[in-house]
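A.B. asks: Here the protein sequences come in this chain order: A, B, C, D and E.
Here the first sequence stands for residues 1 to 314, where the numbers follow my numbering.
Here the second sequence stands for residues 1001 to 1390, where the numbers follow my numbering.
Here the third sequence stands for residues 2001 to 2415, where the numbers follow my numbering.
Here the fourth sequence stands for residues 3001 to 3270, where the numbers follow my numbering.
Here the fifth sequence stands for residues 4001 to 4270, where the numbers follow my numbering.
Please keep in mind that the hints were generated in silico from the structure rather than gathered at the bench.
Just so you know, these numbers come straight off a predicted model, no measurement behind them.
Each hint should be verified, as a subset may be incorrect.
[As the list claims (entries may be wrong)] Restricting the straight-line Cα-Cα distance to at most 25 Å, the calculated cross-link-like pairs of lysine-lysine (DSS-like) are:
#, chain 1, residue 1, chain 2, residue 2
1, D, 3111, D, 3148
2, E, 4148, E, 4117
3, D, 3213, D, 3111
4, C, 2411, D, 3111
5, A, 86, A, 254
6, C, 2225, B, 1385
7, B, 1385, E, 4117
8, D, 3148, D, 3117
9, D, 3117, C, 2411
10, D, 3213, D, 3148
11, E, 4148, E, 4213
12, B, 1124, B, 1355
13, C, 2411, C, 2225
14, E, 4148, E, 4111
15, E, 4111, D, 3111
Below are the chains, spelled out letter by letter.
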Amino acid sequence: QEREQIRIVGSSTVYPFASYVVEEFGATTEFPTPVIESTGSGGGLRLFCEGVGVSTPDISNASRRMKPSEFDRCQENGVEEITEAKIGSDGIVMAQSVDNEPVALTREQILLAVAAQVPQDGELVDNPYDNWNQIDSSLPDREIEILGPPTTSGTRDAFEELVMEAASESAGYPEAYSDVRADGAYVDSGENDNLIVQRIRENTDAFGIFGYSFLEENSDTIEAATIDGVEPTPESISEGEYPVARSLWFYIKKAHEGVVPGIDEYVSLFMDDLMIGSDGLLRDIGLIVLPEGERSEWQERVANRVNLQRSDLE
Amino acid sequence: MATRRLTGSVNDARLQRRYRAEQRFRIYCASAVLLALAIILTFFSNIISQGYTAFWHHEVQVTLDYNERAARIGTFALDEDLRDIASRGATRAIPLQMRNNPELAGTTETTWVPVRGEIDQYLKGGRDLEPELRRQVDALMEQGVIQSGFNTRFFTAGDSKLPELAGILSAAIGSLYVLFVTLLFAFPVGVMSAIYLEEFAPDNRFTQAIEVNINNLAAVPSIIFGLLGLAVFINFFGVPRSSAMAGGLTLGLMTLPIIIISTRAALRAVPDPIRLGAFAMGCSRWQVVRDHVLPVSLPGILTGTIIGLAQAMGETAPLIIVGMIAYIPEAPTGLFESATVLPAQIFTWAGEPEKAYVEKTAAGIIVLLAILLSLNAAAVLLRRKFERRW
Amino acid sequence: MGVGETILLLLGGLIPLGYAAYYLGRRKALVATAEGIRMHSRPQQYGWYSVVSMALPAMGVAIAASLLNLLGVVTPPREIVLLMALVTAAVGLAVGLRVIRPSLRARNILDNLIRWLLLGAALISIITTIAIVLSVIFEAMRFFREVSVWEFVTGTVWSPGDSFLEAAGRGDEVTEGSSSFGSVPLFAGTFMVTAIAMAVALPIGLLSAIFMSEYASPRIRGTAKPLLEILAGIPTVVYGFFAAITVTPVVVDIASFFGLDASYSNILSPGIVMGIMIIPFISSLSDDVINSIPQSLREGAYALGTTRSETIRQVVLPAALPGVISAFLLGVSRALGETMIVVMAAGVRPNLTWNPLEDMTTVTVNIVYSLTGDQAFDSPQTLSAFALGLVLFLVTLALNLVSTILVRRFKQRYD
Amino acid sequence: MTVKTDTEAAGRRRASGTRDIKVRAEKLNLWYGDTQALFDVDLDVYAREVTALIGPSGCGKSSFLRCLNRMNDLIPSVRVEGRVTLDDEDIYDPSVDVVQLRSHVGMVFQKPNPFPKSIYENIAYAPRLHGIVNGRAALDELVESSLKRAGLWREVADRLDTPGTELSGGQQQRLCIARAIAVNPEVILMDEPASALDPLATATIEELIDELKDNYTIVIVTHNLQQAARVAGYTAFFHMGRIIEFNDTDTLFTNPREQRTEDYITGRYG
Amino acid sequence: MTVKTDTEAAGRRRASGTRDIKVRAEKLNLWYGDTQALFDVDLDVYAREVTALIGPSGCGKSSFLRCLNRMNDLIPSVRVEGRVTLDDEDIYDPSVDVVQLRSHVGMVFQKPNPFPKSIYENIAYAPRLHGIVNGRAALDELVESSLKRAGLWREVADRLDTPGTELSGGQQQRLCIARAIAVNPEVILMDEPASALDPLATATIEELIDELKDNYTIVIVTHNLQQAARVAGYTAFFHMGRIIEFNDTDTLFTNPREQRTEDYITGRYG
Ligand SMILES: Nc1ncnc2c1ncn2[C@@H]1O[C@H](COP(=O)(O)OP(=O)(O)OP(=O)(O)O)[C@@H](O)[C@H]1O
Ligand SMILES: Nc1ncnc2c1ncn2[C@@H]1O[C@H](COP(=O)(O)OP(=O)(O)OP(=O)(O)O)[C@@H](O)[C@H]1O
Ligand SMILES: [Mg+2]
Ligand SMILES: [Mg+2]
Ligand SMILES: O=P([O-])([O-])[O-]
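The following block holds chain A by itself, in its conformation from the complex (with noise of 0.2 Å):
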C-alpha cells in the first residue's frame, strides 16, 4: 500500500498559506495536488508524531514551534528525522472599527482589560474595569468589549502568553495570571476570524483580537490600535518590533521523502522566494515574511534537511 498524495495536517493559521503553497504546486507540477487538513497546530503534531507510514502525514504545519514532550512523542514513535522549517510570522492585532480615533494601548492596558482578576493594593480582586477609561484616563470613553478567538484556538494561546502573561509582573500581579474575564468584556468568538471582524465593523464600540492578515484584507474598515506604540505592519513584524507576533512553522518527516512523491518539490516551492519572499504570492494574502537575513538561513537549513534537536526546542 502507498500514497501518491502527500499529506499535509496542522495549523489553521497556516492553512491559507500551505493550501495556496498545495493548490500551486498542484498546479504548476505534475505531482498530485496534495491534501491538507486544517487540524490546529496541537492535532496535526499529534497525527504526525503518531509514526512513520503512510497512514500518518509528511508534513504539519504549526503556528508555535513544536514542544519538547511533542518532540519526545515523535521519537518514541519512531518518527526520528524531521526537518524545521520556519515561514514567516503572524501578528496578532487588536483592532477596532475605522470610525474610531485611532487608540494606542500598552500590554498592561489591555491586559487590565481582559483579566478576570486584576492587582489591587498587591490583591486580586475581580476585574472591575467596565470602561477604558477607568483603567487610564488618557484611553477614550468606551465599554470594554473584546471579541477574540476562544480557548481552543492557537490564536488564544499566543495572545495569552504574549500578552496576558509577558505583561502581568509588570503590571503587578502577585501571583501568575491566570484567566480570561468571563463577565462578558470578552467574548469567544469562533476559529472564523472573518465573522469577528464584520462584527467590530457594525459594533463601533468593540475591539477584535485576531491575526493580522485579516486587518490588511479589510483596511478599508478596520485599524489597529498601537501595542506598545509599535504600529503593526509587516515590517515591524516581521522585525520582531511589533510584540504580539508569533512564527509560523512546517516539520517534514525525513523518512516519507523518498517514498512519498514531491515532498522535495513541496517543500522547495514553499520555501521559495516565489511563496515566501518579500515579494512572495504568499504575502498578497497576508504572511509576514521573515527579514531577508533570516529567510535566507531557514531556506538554507530546509535545503540541507538539518535535523531538528531537542535542543532546539527549550
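Take the given structure of chain A and dock chains B, C, D and E with the ligands to it, following the hints.
C.D. replies: Frame of chain A, contents of chains B, C, D and E with the ligands only:
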C-alpha cells in the same frame, strides 16, 4: 317549533361560541401550515438569490505569449495591463506546459480566461475596486474584452483558494464515493437485519432489546457517530483519516438504523396472507422471504434506502470529526484517498474570508439541494408507482 | 496486509472454487435422484451445501488471521494464510461432499445458516451501540481522572484556562484549579437552543399535523405534506448557513428596533432555524399518531354532536397525547444533538444566561471545537469532548427510551 | 311482539300503519365517489320502535344508517341525494345544523369506542358541551341516571374515575349507550352493537335495547338474523343497496314476500 | 349425501365407521401463551370426505384446523399437546419436516391470497420449488391440469400471464385452490373459503369442493351452517375450545344430541 330544533343555532349563544372557537382553531391550524410553507419559500428564495450569481462569471480575452520569462513564471505570458485582471490560475501552469511541450516556446495563443475573483465580484455589483483598476475594467468591459458567460468551471473544477477557479467537482465525486461505501455497507446489513427482526426473530426480550436499540441508534446525535468513526475505523481498524472509506463507513453505521426501520416497515406492509399462503405451500421461512416477501417489498425497501442515503449525503458533523473537512482540489480516485464531500465543501466555503465565496457557498447549497430533492422525489415516485392496496 | 484485502483476495479465490463445489454437490444429488433415490432436499440445495462447507472454514481461517493481525498478536504472512485457507477449503469440500446422502437435510441446514447470517447482521446494531459507548468512555474516563465528575456536572464555569502555558511549552507551570470544566453553561446553551427550537417546532408542527390529518382535503394534503417534508431533507449545514447569514442579521435588526441589544452569535437564531428543521419531525410523527387514532373514536364524538375542533382537542388529542409526547421527545433529542447549525450560527462563549439574545455555546459546538482545535490531544480540553459526548449520548438515550416506551404504550392501546 | 301492520304494495317497500313515523327516508341515493351504494331507498322508522336492518355484507346497511345522522358527511367522497326527515324536518336541508342534529340522533357503533377518559367524563362530556345541565350536582345526577338506564350503574358506581377503556367489551358498549342517552336523543342508531361481544354480553345488550325502546326510537343494523328476530319490531332487508323488503319482523321472517329475502333468511347466501 | 354412520357413545365424540381415517386428532390441547384455546379435542377425519367444523366465533375452529398442517408453529406463543396423525404418522413428531408435511396437507384461507405473481407462476411456484416436475412442458401440463381441476381453466387459459391478484374474488379463491392442488396434497384444509365471496362465487366454490372430495380429504371451517349442510358429509360442532358434537352432517343438523348444538343451530347465539 320542529324547525327551530335543528336550525335554531342563530340565537343560541353557546352554539355561537362553539362555532367561533371552531373557526379560530381552524385558522390556527391553517396558518401553521401556511407559515411553514412561507418559511420554505423564504428559505429557497433566499438561498437562490444569494447563489444564482455563481453560475455565471466573467472572462477576459487574453493572448498568451509563450516567451522565455513565461517559462519561469507564467504571469509573464500576459500583457502587462492584464496581469492584475486575469486569474492567476490561468497562467501558473504555463511553465509546466512549456517544459512538457518545448515546441510551444515563441508561439502565442488567444483564449478566454476567468477574471480575478474581486473583479468578478465588482462586475456583479458585489464590491468596489480601486479607482484605477475600476476604470481599466470598465474600459475592457466596454471593448468586449471582458465578457460574462455561464460558469462551467463551477461544475468541472475542484476547490481552489482562488475563488474564481473554485468548483464543486471534487466534493461531488467525494460525496459519490462516500455514498457508495455507505450504500455498500448499510444496504445489505440493514436489509438483512430487518429481515431477521421482521421475519425470523422470536418475540423475546433479546429481540425487543435489538429493536429498542435500533430505534435509539436512529436518534443518536450524528456527531456521536463521528466520535465512533474516529475511534473504531480510524484508530482501531486503521482506515486512513479523511478517506471516503472512513466517512462512508461512519455514515453507514448512521444510516443503518434508518434503513432497518424503513425496511421493516416495507416488510410489515406485505400482508400476512401472502406469507401464510406460501407457508401452507411448504415453503421454508427463507423461501417465503426470498420468493414472496422481498419481491413485493422491494420498492418500499429501495425508497427507504434512498431516503437514508439522501440523509447521509447531507451529513456534515460526523465527517468533520473523521477529518473530511480537508482542502481537496482534485477528485479522489480511490476509496482510501482523502476526499471531501459537498456539505463539507459548503462548510469550508462558508468560512472563507473572501466575499466571492459567499455566492459559491450558496451555489453549492443549490446544487446539493437539487440533488437531495431529486433523490427524495425519486423515492416518492418509486413509492407512488409501486404503492399497492391490499 | 489489511483485513479488507485479505477478505477480498479470499473472495476472489473462493468464487471460482464455489462454482466448482456447487456443481459437484448438485451433481452428486442429481445422480442419486436419477438412480431413483429420494433425496430430502433439492439438488441445488446440496450444491449450496457443498459451497458452504467449503467456504466457511476458509473464511474462518482468513478472519482469524486478520484478527490476529489487527490485535497485533502476530502478522501471519499472506502466503501462509492463503495456503491454510485453501487447505481448509479443500478439506471442508471433501467432507461436505461425503456427507451428502438422502437423509441429509441440506435445506434445513442452509435455512439455519441464513438465519445465523441474518442474526449476525442484526447484531451489528447492538455492536454499534456498544462501540459508541466504548469509543467515548475511555477518553471520558481519562478526562474524569483530571476533573471530578461532580465539578463537571455542577460547575458553572467552563474555562479550560491556561492551556496557553502548555502551548508555550511551559505545561509544568499549569496550576491546579486555574482551569475549570463546569459543563452547566454548555448544557444551559444546549437546553436554551432546544427550548427555542421546540417552542417553534411544537406549535407549528402539531397544528400542521392537525390541519393535514383533520382539515385538509386530500389534494391539499397531498401537496402540503411532501412540501413540509422537504424541510426534513435539508442538510443541517445549509440550515447553519441560513441561520448565520440570513436569520441572525434579521434578529439583530429586530432586536435593535425594540431597543434591545442582540449579539451576532445570539442563541435565538440557531434556535429558530433548528425549530424550522424539526417542524416536519413533529408534524409527520404527530400526523401518524393522529391518523392511528381509530376513526371510531372520532365518530363516537361526532355522533354526540361535537364540532370538529372539539373532537380534535377534546377527544383525538388526549388520545394521541402519548404519541405526541414521544414525537416531542424525539424532536428534543434531535435538537440536543444538532451540531452544524450551532457550530455555524451560535457563539463559542460558555455563557450562563436567560437572555436568548446573548451568545451562548452548546455541547456539540464544544465537541467540534475541542476535536478540531489546536489543543494537544491529551489535554483536558480535548478529552472533554468525549466526556460531553458521553453525557449527550446518555441524555438522548434516556429521551429515546422514554419515547419508545410511550409509543409502545400508545400502540398497544390502538393497534 | 305484537304490532299492527297492514301489508302494502311491494312497490313502496314500506310498511305504514297507525304508528307515528319518526324518521322517513325518501328516494335516498348515496354514492361513494363514482360507485353508488344506495339506490332509491324508502323507509319509515316508527317512533319508539326497534327497526332492524339486515342483509348480506356490503349491501349498504351501514351506509343507510349513517345517513340518518349525517355521519356520512365526514367522508369526503360521499354524495347523498333524496330526503331524510326527522319529525318531518328535512335533515339534509342546508339550514340544518349538523351538530344539533347529531345531538338529537345518537349513535352506537360496532366496536365499543369509549373515549380515553374516565367513565364519568365519558358520560358528562357531551351534556356539558351542549350545556344540557348546569352545575356539578345536576351533572352527577345525569351521569347516574344515564348509567342506570344503560344498566351499568351497579357495576361502575364505585369507580367512576377509572378510564372507560378499562371496562370489559360488553360494559364498554353499555357505556357508549349511556353516553348516547345522556344528551337525551330521540333516535338511537346502532351499527351491529353486539357483534364484537360474547354471547352473554350480547344478551345484556339485547335486553337493554328492549327497555330503551319505550323511550327512544331505535334503528339497529345486525348480521345476526336471530338477533333481529329477537329485538326488532320491524325489519328491513337490504340487498345490493336496495331495500328488498320491509315489514314487521314476524311477517318478514315467517312469510317473506320476496324470493331473495327467503334465500337470505334460509342461508342460501351471506 | 348418503353416508353410512353409526351413532356412537357421546363420550368419545367421534363418529367412527367403515371409512378410512386419514387424519386423527387425539387429546389435542392448544394454548396461546397462557390461555388455552383447545381442550382435549378428539376428531377423526375420513379419507375422501368433506368434514365441516362449525361453531361460534372464537370457539377454536381455525386453531384446530391449523394444527393439522402445523401452521400454528408460526405463532411463537402457541403450545400444542396431544397427537395428530396423518395416515397413522404423528405429525408432531420431532423428526417430521414441517415443510414436507405442508406439501402433503394443503390449505386454503378465508380471504383469497394469491401471490402477487402471474396466474401461471401462482400455480407453478410450489411444484418447481419442491421439484415435483422437471421441464417446462411438464410444468405447463401441471398448471393446466390444476387449473382445470379447480374449474378455472376456461376463464384464464388465455391470460396466464396476468397477475393473479387481478382476478375477481371468486376466481382468486379458485386459483388458490388450484395452487394447493398443484403440489398433489392428500388433505386440503379450508378456513371459511367462501365467506369473503358473493353468493354466486360461493356456489361455484361449493360445487368445486363437492368434486374435489373424490380425490382429496377436505376439512372445511365455515360459519354458514347452511353451507356446512350443503357440502359436508361430517360436521363437528366446536364450542369454547371443545368439540361438543361430531356426527354425520344430516344427523347433527336434524337430530343433535346436545342442547348447545341445538341452540347454536337455531341461532340462539353466535
Ligand atoms: N368509505 C367508503 N368509501 C367507499 N366505499 C365504501 C365506503 N364505505 C362503504 N363502502 C362501500 O359501500 C357499500 C356498502 O357498504 P356498507 O358499509 O354500507 O355495507 P354494510 O351492509 O354495512 O356491510 P357490513 O355488513 O359489511 O357492515 C359496500 O360496497 C362498500 O364497499
Ligand atoms: N394468534 C393468537 N394469539 C392469541 N390468541 C389467539 C390467537 N388466535 C386465536 N386466538 C384465540 O383463540 C381462540 C380461538 O380462536 P380461533 O381463531 O381458533 O376461533 P375461530 O373459531 O376460528 O373463530 P372465527 O370464527 O372468528 O374465525 C379465540 O379466543 C381467539 O381469541
Ligand atoms: Mg356495516
Ligand atoms: Mg377462524
Ligand atoms: O491552528 P492554530 O494556528 O491556531 O494553531
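A.B. asks: Look at each hint and say if it fits the structure.
C.D. replies: Hints, one by one, checked against the model:
1. 3111(D) - 3148(D): Given that 25 Å is the threshold and the Cα spacing comes to 21 Å, the pair holds.
2. 4148(E) - 4117(E): 19 Å, holds
3. 3213(D) - 3111(D): The given pair, whose Cα atoms are some 21 Å apart, holds under the 25 Å limit.
4. 2411(C) - 3111(D): Since the Cα atoms of residue 2411(C) and residue 3111(D) sit roughly 18 Å apart, the hinted pair holds (cutoff 25 Å).
5. 86(A) - 254(A): Distance of about 16 Å is within 25 Å: holds.
6. 2225(C) - 1385(B): Distance ~18 Å between residue 2225(C) and residue 1385(B) Cα, so the pair holds.
7. 1385(B) - 4117(E): 17 Å, holds
8. 3148(D) - 3117(D): Since the Cα atoms of residue 3148(D) and residue 3117(D) sit roughly 19 Å apart, the hinted pair holds (cutoff 25 Å).
9. 3117(D) - 2411(C): 17 Å, holds
10. 3213(D) - 3148(D): Between residue 3213(D) and residue 3148(D) the Cα gap is close to 15 Å, so the pair holds against 25 Å.
11. 4148(E) - 4213(E): Holds - the C-alpha atoms of residue 4213(E) and residue 4148(E) are around 15 Å apart, at most 25 Å.
12. 1124(B) - 1355(B): Between residue 1124(B) and residue 1355(B) the Cα gap is close to 12 Å, so the pair holds against 25 Å.
13. 2411(C) - 2225(C): 23 Å, holds
14. 4148(E) - 4111(E): 21 Å, holds
15. 4111(E) - 3111(D): Given pair residue 4111(E), residue 3111(D) holds - Cα atoms ~22 Å apart, limit 25 Å.
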